[in-house]
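**Student:** One-letter residues, chain by chain:
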Amino acid sequence: MAQKVDIALVDKVKDELANLISASRDSLEGCHYIDLRLGVGEGQGAMAQDGMSKFSLRDYRFSYGIRVIAGNGTPAAGYFGQPLGSADVDNLAGVIKEGLGKAYERAVANSRAKSDRLDLWKTLGGSLQSTELAPVKVCRDTIPAVYAVNPLDIRLDEVGKLTQEVSKAVGAYDPRVKVNQVMAQTSLNRELLISSDGANIDRTYALTQGLCVVVAIGEGGVQQTHYDCVGHQRGWELLTDGIEEDMIRSKSLMGFALDLAADNVSLTDCKPCPSSDKDVVVITDPHYNTLLVHEIIGHPTELDRALKLETAYAGRSWLLRSLKENMLGKEIASPLVSAYSDPMLPGFGHYEYDDEGTPVERTVHIDKGVFRGFMNSRQTAATLGVKPNGHYKAIDSSLVPLIRMSTTVFGAGKDDPQQMIKDVENGYYVVGHRIPSISESRENFRITSRKVYEIKNGELGEMFRDGGIMANTKDYLMSIDAVGNDLRIYPVFNCGKGQPMQAKKLGNGGPTLRGYARLVGGAK
Amino acid sequence: MRELSELKQSVEKALAFLKTQPEIKSAQVFASANNRLWTRLNYTSHIPCNGVEEAKSTDDYGIGVQIVLNGANGNMIGFGSEERDLSLDGVKMALDKAKQGAITDPEFRSLPQPTGEKRTLSDYHDPSVMDITDRALVEGGWKILDGAISSFLESQKLRDMAPGGALHDLGLIVGGDLSIRQERMAVGSYDIPEVQSDEAAAILANVTSMVEKGDAKGSGYSIHLKLSDLDDEAGSEAAANAIGSLDGVRLPSGDYPVILGPQPVGELLSNLIIRSCTTGAFYSQQSCFMGKMGQKVASEKLNIVDRGNARGLIGSRGITCEGLPTGETTLIKDGVLSGLLSDWYEYQRILNDPKGGEKLGVNPGDVRQALLPRNGFRFGIEGGRNFGGRPSASATNVVFESPSASDFGSLVRQVKKGILVGRLWYTYPIHGLRAGDFTSTLTADSYLIEDGEVKAPIKVNTLRINDNIANILMGIRGMTAETRPTILWPGSQIAYAPVGMMVDKVHFEAIAEFMDSAY
Numbered sequence: 000m001a002q003k004v005d006i007a008l009v010d011k012v013k014d015e016l017a018n019l020i021s022a023s024r025d026s027l028e029g030c031h032y033i034d035l036r037l038g039v040g041e042g043q044g045a046m047a048q049d050g051m052s053k054f055s056l057r058d059y060r061f062s063y064g065i066r067v068i069a070g071n072g073t074p075a076a077g078y079f080g081q082p083l084g085s086a087d088v089d090n091l092a093g094v095i096k097e098g099l100g101k102a103y104e105r106a107v108a109n110s111r112a113k114s115d116r117l118d119l120w121k122t123l124g125g126s127l128q129s130t131e132l133a134p135v136k137v138c139r140d141t142i143p144a145v146y147a148v149n150p151l152d153i154r155l156d157e158v159g160k161l162t163q164e165v166s167k168a169v170g171a172y173d174p175r176v177k178v179n180q181v182m183a184q185t186s187l188n189r190e191l192l193i194s195s196d197g198a199n200i201d202r203t204y205a206l207t208q209g210l211c212v213v214v215a216i217g218e219g220g221v222q223q224t225h226y227d228c229v230g231h232q233r234g235w236e237l238l239t240d241g242i243e244e245d246m247i248r249s250k251s252l253m254g255f256a257l258d259l260a261a262d263n264v265s266l267t268d269c270k271p272c273p274s275s276d277k278d279v280v281v282i283t284d285p286h287y288n289t290l291l292v293h294e295i296i297g298h299p300t301e302l303d304r305a306l307k308l309e310t311a312y313a314g315r316s317w318l319l320r321s322l323k324e325n326m327l328g329k330e331i332a333s334p335l336v337s338a339y340s341d342p343m344l345p346g347f348g349h350y351e352y353d354d355e356g357t358p359v360e361r362t363v364h365i366d367k368g369v370f371r372g373f374m375n376s377r378q379t380a381a382t383l384g385v386k387p388n389g390h391y392k393a394i395d396s397s398l399v400p401l402i403r404m405s406t407t408v409f410g411a412g413k414d415d416p417q418q419m420i421k422d423v424e425n426g427y428y429v430v431g432h433r434i435p436s437i438s439e440s441r442e443n444f445r446i447t448s449r450k451v452y453e454i455k456n457g458e459l460g461e462m463f464r465d466g467g468i469m470a471n472t473k474d475y476l477m478s479i480d481a482v483g484n485d486l487r488i489y490p491v492f493n494c495g496k497g498q499p500m501q502a503k504k505l506g507n508g509g510p511t512l513r514g515y516a517r518l519v520g521g522a523k
Numbered sequence: 000m001r002e003l004s005e006l007k008q009s010v011e012k013a014l015a016f017l018k019t020q021p022e023i024k025s026a027q028v029f030a031s032a033n034n035r036l037w038t039r040l041n042y043t044s045h046i047p048c049n050g051v052e053e054a055k056s057t058d059d060y061g062i063g064v065q066i067v068l069n070g071a072n073g074n075m076i077g078f079g080s081e082e083r084d085l086s087l088d089g090v091k092m093a094l095d096k097a098k099q100g101a102i103t104d105p106e107f108r109s110l111p112q113p114t115g116e117k118r119t120l121s122d123y124h125d126p127s128v129m130d131i132t133d134r135a136l137v138e139g140g141w142k143i144l145d146g147a148i149s150s151f152l153e154s155q156k157l158r159d160m161a162p163g164g165a166l167h168d169l170g171l172i173v174g175g176d177l178s179i180r181q182e183r184m185a186v187g188s189y190d191i192p193e194v195q196s197d198e199a200a201a202i203l204a205n206v207t208s209m210v211e212k213g214d215a216k217g218s219g220y221s222i223h224l225k226l227s228d229l230d231d232e233a234g235s236e237a238a239a240n241a242i243g244s245l246d247g248v249r250l251p252s253g254d255y256p257v258i259l260g261p262q263p264v265g266e267l268l269s270n271l272i273i274r275s276c277t278t279g280a281f282y283s284q285q286s287c288f289m290g291k292m293g294q295k296v297a298s299e300k301l302n303i304v305d306r307g308n309a310r311g312l313i314g315s316r317g318i319t320c321e322g323l324p325t326g327e328t329t330l331i332k333d334g335v336l337s338g339l340l341s342d343w344y345e346y347q348r349i350l351n352d353p354k355g356g357e358k359l360g361v362n363p364g365d366v367r368q369a370l371l372p373r374n375g376f377r378f379g380i381e382g383g384r385n386f387g388g389r390p391s392a393s394a395t396n397v398v399f400e401s402p403s404a405s406d407f408g409s410l411v412r413q414v415k416k417g418i419l420v421g422r423l424w425y426t427y428p429i430h431g432l433r434a435g436d437f438t439s440t441l442t443a444d445s446y447l448i449e450d451g452e453v454k455a456p457i458k459v460n461t462l463r464i465n466d467n468i469a470n471i472l473m474g475i476r477g478m479t480a481e482t483r484p485t486i487l488w489p490g491s492q493i494a495y496a497p498v499g500m501m502v503d504k505v506h507f508e509a510i511a512e513f514m515d516s517a518y
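Those protein sequence lines, which keep their order, are chains W and Z.
Count the first sequence with numbering that gives the first Met the number 0 and you get residues 0 to 523, in order.
Count the second sequence with numbering that gives the first Met the number 0 and you get residues 0 to 518, in order.
Keep in mind that the hints were calculated from the coordinates and are not lab data.
Warning: the hint list may mix true and false statements.
[To be verified] Straight-line Cα separation of at most 27 angstroms, DSSO-like style, residue types lysine-lysine; simulated pairs: (1) Z:117 - Z:332; (2) Z:416 - W:523; (3) Z:504 - W:323; (4) W:270 - Z:504; (5) Z:504 - W:121; (6) W:523 - Z:142; (7) Z:156 - W:3; (8) W:329 - Z:212; (9) W:523 - Z:358; (10) W:277 - Z:504; (11) W:177 - W:270; (12) Z:156 - W:323; (13) Z:354 - Z:332; (14) Z:98 - W:160; (15) Z:7 - W:3; (16) W:121 - Z:156; (17) Z:295 - W:523; (18) W:3 - Z:18; (19) Z:156 - W:523; (20) Z:117 - Z:142; (21) Z:291 - W:270; (22) W:167 - Z:358; (23) Z:142 - W:496; (24) Z:12 - W:3; (25) Z:98 - W:3; (26) W:523 - Z:415; (27) W:177 - Z:291; (28) W:177 - Z:354; (29) W:277 - Z:416.
Please model the entire structure based on the sequences and the hints provided.
**Tutor:** Below is the structure:
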């Protein structure tokens, strides 16, 4: 019988794998660099719908990914990744060596083909470069997980029972709740990064998430479907007790799901949100701003996007046209606005080193309205001539990392959110995020919300359903005239990027903001 | 990659073993092996780049076991899988997980049963695609780039734009990928004991090109079933389309008649229509067609058919991941909602739903044939048939047809002032699927039509659509007979979308005006 896969496995293999990488770098002709990521996770999850259990599973995940940069003329990269199973434990080094060989072959083939094109493409071959990585401090570190209740100490039937209880309670909340789905998952994960430069990072982290979807239909036939999640790099206690930290606050899964149900039901009695022909005053709450900062700050400040690597997929960034033409150092927002990405903030987006072993640091994107910088990787940092800041991450070791958000937020201001509303004669208060649509270079957005309240003479009035705001990004950012002191971080469980698609968990957030945008309701 | 015979043997031995376990009432075993290869492209003339950015792959194989056990409160259902072990040891590990996770689901009726339909498609792919080498993978990507670069170098229009012949200063971009999908699977169960297998492979290229100095963008695609057909077409098409999109114009907000190209049709299909055309969407009351089975939901000029068993079409499979035959499901006929995509579980669920009649608008039993589970697949988010996943309804080849098709030219001639929409971006049902409201932006390959002629390209990222899918479907005024295969992300589903679909009115908002003076 094959050996069991658990996170303790990493201790048994780390030295052997470090030797393999080091020896391969020296022995493979024309090899400049190798990095290996190995991931092991143990976890469990369950799902219930309308109070009925639908699924539960306890399982492991185990995988690795290799990058090789090689080539005598114009070095290039090759990659190989593979999920693994129990049957691979006894011969892990052998399996990885085989994968390393494939990555090397691809790098060498790629390097030759690139070198050929330098002349073949005439004047257009001049931009082809050797694949280079900006230098970083080589680190060796071991980081333990943080939790109160070990995800692996919970019995699987407890996980299933919680989802069933919550789903039953949501279904019983009100007859207008027609369908609901509740999912819970909790896991312990360990990731090892070894590079031929000598990096050796061994990180363990807990991850727990609860997700709820509610479909409510009012007596008049109005249907509302909303979903939301709670999540953190903590143990099972997140779902049973909730969490109360400075920037992250959430109820237990039960409390959270019932709040969602209450919102859904109340919205079925509401009129559809009107649309405005012109910009109006809009105040957006931290939960709405979670999706707003994600779409109009986080994504356009990913340097791979800005350097056009994502032109065919996630799009470019209006913040950079070329290395000479870009918004660095220019005003793109009101002086009240700041925004940054910081992997050391708590939540889904927390980590200490990225998937190249770069030690992380806060990356400021906007400082008092002026655009200051991008999230990057070692390769993209080399292209732009800046220091790497540790944002190269994959959701699984078998996949090639991309530049991803860690936790990207609007910075806190000084204004009292209640006063921000009281100051408005006519406007709208936009609460809770729903669904986004952004133009290709992020220069325009339309993001719907859970609720929209009319503001009249500083007071909240009628609540509307099916509304949101639409604006050109720079125009909106320049219009911000108040920033609240209530910064909150929320989990985002499904940010998609890449080919193949990687749906990453990360953090976003911000305080209450006030600015100007078009209010948009439904189509006629 | 694991051989088909190995997967079949593994399933046979697994079933034989499971039958020795008295607590197991019923079981289904699914084994698969998948290889997904990509060359990711990134060429920029004005920024240092690598050309072929990534030559990469992931491959997997393993076995999944679904079991039905006797429980105190009725049947218990469990699922477990094991990666990279097709032996009995692997089956036993999967079984242990299935037993540990077994639950009682009152809505579970049975594992898939024969539907009366027979398999009609076998031996339909090019074996040479299964044997592609690393070198060929890398060269395939460079070939596509060669096509684009040739188009740039040969373009007089670009030479005229570039001062002193410095083409590289024009901000030429080529991005996208060549992806190769290789799948093998075998499935068997107590109720369908003859172990069946399937093998499929396809090559897809998806390229975007830009002349950034002129804010011009173009797309190119190619889809092949044979390795020998792989060429530079996608690259040269994308570059040519980008060059053709130079000197783009801005249009004001308003309602315009449109002709949708194949990619926008695919985008709307994938994000709104198909998602609403599954039995699961009706059960959970989220479809935008709730209560409308047998009723008009679109123009009478529209037929949409899912053809999973069509030889020569890219998305075809011989059998589903539940061991049932693929086939043809008519979703919309002459504008009338006529059928839904389904997997076995959701099919049983809607048939036995006391509110099924209210949800569909007809008694489910009366339209049973239209709901047959021909589309239960375990497609993974990365593509491939995932032994660790449970089946859900997925489209295969979604074919658009019209009882009164036109040619592209005659559609264009009917438009006094309108828009040829070539590529949509970030299309989402903005107020939930059921409301049907959606938003999207025009990002490439789009043109102003005036007085029956295609007059000028539209500047990229300057228009947003805010409308409702019902308006689009009801507003279809004509469609071409000619279709083009269009990849529905992540590539396991393909739309054979019309080259042109005319819709009488769509609402647009002008956007991103500040970008005109940003650089």
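**Student:** Each hint should be assessed against the structure and marked as holding or not.
**Tutor:** We went through each hint and held it up to the structure:
Taking the CA atoms of residue 117 of chain Z and residue 332 of chain Z, the gap is about 24 angstroms. The hint holds against a cut of 27 angstroms. Taking the CA atoms of residue 416 of chain Z and residue 523 of chain W, the gap is near 22 angstroms; set against the 27 angstroms cutoff, the hint holds. Pair hint residue 504 of chain Z plus residue 323 of chain W does not hold up; C-alpha atoms about 42 angstroms apart against a cutoff of 27 angstroms. Of the supplied pair hints, the one linking residue 270 of chain W and residue 504 of chain Z holds, its CA atoms being roughly 26 angstroms apart against a limit of 27 angstroms.
Between residue 504 of chain Z and residue 121 of chain W the CA atoms are separated by roughly 47 angstroms; this puts the pair beyond 27 angstroms, and the hint is violated. Taken as a hint, the residue 523 of chain W and residue 142 of chain Z pair is broken in the structure, with Cα atoms around 47 angstroms apart against an allowance of 27 angstroms. Our distance criterion of 27 angstroms between C-alpha atoms is broken by residue 156 of chain Z and residue 3 of chain W, whose separation comes to about 63 angstroms. For the given pair, residue 329 of chain W sits about 21 angstroms from residue 212 of chain Z by alpha-carbon distance, which is consistent with the 27 angstroms threshold.
About 24 angstroms separates the Cα atoms of residue 523 of chain W and residue 358 of chain Z, which keeps this hinted pair within 27 angstroms; it holds. At most 27 angstroms may separate the alpha-carbon atoms for a hinted pair to count; residue 277 of chain W and residue 504 of chain Z meet this at roughly 23 angstroms. About 20 angstroms separates the Cα atoms of residue 177 of chain W and residue 270 of chain W, which keeps this hinted pair within 27 angstroms; it holds. Taking the CA atoms of residue 156 of chain Z and residue 323 of chain W, the gap is about 24 angstroms. The hint holds against a cut of 27 angstroms.
At most 27 angstroms may separate the alpha-carbon atoms for a hinted pair to count; residue 354 of chain Z and residue 332 of chain Z meet this at roughly 25 angstroms. Among the hinted pairs, residue 98 of chain Z with residue 160 of chain W is consistent with the structure: their alpha-carbon atoms are about 16 angstroms apart, no more than 27 angstroms. Taken as a hint, the residue 7 of chain Z and residue 3 of chain W pair is honoured in the structure, with Cα atoms around 26 angstroms apart against an allowance of 27 angstroms. Between residue 121 of chain W and residue 156 of chain Z, the direct Cα distance comes to roughly 18 angstroms. Compliance with the 27 angstroms bound is thereby established for this hinted pair.
About 19 angstroms separates the Cα atoms of residue 295 of chain Z and residue 523 of chain W, which keeps this hinted pair within 27 angstroms; it holds. Among the hinted pairs, residue 3 of chain W with residue 18 of chain Z is consistent with the structure: their alpha-carbon atoms are about 26 angstroms apart, no more than 27 angstroms. With a C-alpha separation of about 43 angstroms, the suggested pairing of residue 156 of chain Z with residue 523 of chain W is violated against the 27 angstroms cut-off. Under the criterion of a C-alpha separation no larger than 27 angstroms, the hint pairing residue 117 of chain Z with residue 142 of chain Z is inconsistent with the structure, at around 42 angstroms.
Between the alpha carbons of residue 291 of chain Z and residue 270 of chain W the distance comes to roughly 24 angstroms, so the proposed pair stays at or under 27 angstroms and holds. Distance check on the hinted pair: residue 167 of chain W and residue 358 of chain Z sit about 22 angstroms apart at the alpha-carbon level, within 27 angstroms; holds. For the hint linking residue 142 of chain Z to residue 496 of chain W, the alpha-carbon distance of about 25 angstroms falls within 27 angstroms, and the restraint holds. Our distance criterion of 27 angstroms between C-alpha atoms is met by residue 12 of chain Z and residue 3 of chain W, whose separation comes to about 23 angstroms.
The suggested pairing of residue 98 of chain Z with residue 3 of chain W holds, with an alpha-carbon distance near 17 angstroms, which does not exceed 27 angstroms. With a C-alpha separation of about 23 angstroms, the suggested pairing of residue 523 of chain W with residue 415 of chain Z holds against the 27 angstroms cut-off. For the given pair, residue 177 of chain W sits about 19 angstroms from residue 291 of chain Z by alpha-carbon distance, which is consistent with the 27 angstroms threshold. For a cut-off of 27 angstroms, the pair hint linking residue 177 of chain W to residue 354 of chain Z stands: about 11 angstroms separates their Cα positions.
Restraint check: the Cα-Cα separation between residue 277 of chain W and residue 416 of chain Z comes to about 26 angstroms, which is no more than 27 angstroms; the hinted pair holds.
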